[in-house]
Amino acid sequence: EPEVTQTPSHQVTQMGQEVILRCVPISNHLYFYWYRQILGQKVEFLVSFYNNEISEKSEIFDDQFSVERPDGSNFTLKIRSTKLEDSAMYFCASRPDRGNQPQHFGDGTRLSIL
Amino acid sequence: AQTVTQSQPEMSVQEAETVTLSCTYDTSESDYYLFWYKQPPSRQMILVIRQEAYKQQNATENRFSVNFQKAAKSFSLKISDSQLGDAAMYFCAYRGQGGSEKLVFGKGTKLTVNP
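Chains A and B are the protein sequences, given in the same order. 1 is the number of the first residue of the first sequence in this note's numbering; add one for each residue after it. 1001 is the number of the first residue of the second sequence in this note's numbering; add one for each residue after it.
Just so you know, these hints were derived from the structure itself, not from any lab. Quick caveat: nothing in here was measured; it's all calculated off a predicted structure. Fair warning: there could be bad hints in the mix.
[Stated by the list, open to error] Label-pair restraints from in silico Cβ distances:
#1 A/Ser-9 <-> B/Thr-1003: 30 to 36 angstroms
#2 A/Ile-60 <-> B/Glu-1010: 25 to 31 angstroms
#3 A/Asp-63 <-> B/Gln-1014: 49 to 55 angstroms
#4 B/Asp-1031 <-> A/Asn-52: 26 to 32 angstroms
Beta carbons: idealized from backbone N, C-alpha and C, even for Gly.
Use the sequences and the hints to build the structure in full.
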């Protein structure tokens, strides 16, 4: 069964550095999402992406964050000037189209800011 | 804005027994979807079961079933014949129609299965 793939599985970065989290959604999916889960807390929506543009973003997704689909397969989340509070698990998800199809999640990238 | 509430931070069940996890939500929409996701210690997010709000029949997936009460805005998950591998965090999630159709999650219930 096709899967959403995220790399790396664990990223350790110094505070203030930039980090790029990578995702390869399922190939025929059209909607892409990033979610964040701070340790011990609930999963929070960050941003959704459709037709090569952001369709919705949360208040968490400020100017520090950006997303890109640089080619036909990758979907990236860039975090500039990382802060300690950016430490979290970041999940990528994708969905084929509207309707009752669920979002499929990747295994997540654990981001640790030192 | 939609909200999802899981009032049970932790639950435990004996192996082979049945357990029910609670979830309530708040929305003004009439058409939406509800999901239960499982997150084992490996921290993957695994879809367990889903329910379309327009369907009156409760969804079932093998040992997993839901009790969907639309008027009460309640969506509980029943796990029958619990197995050790069911131990995980369980998240209830809401998805509306229109817009980006993002998922709104509850805070989760940690399920422990005792042998």
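Violating hint indices (sorted, rising): none
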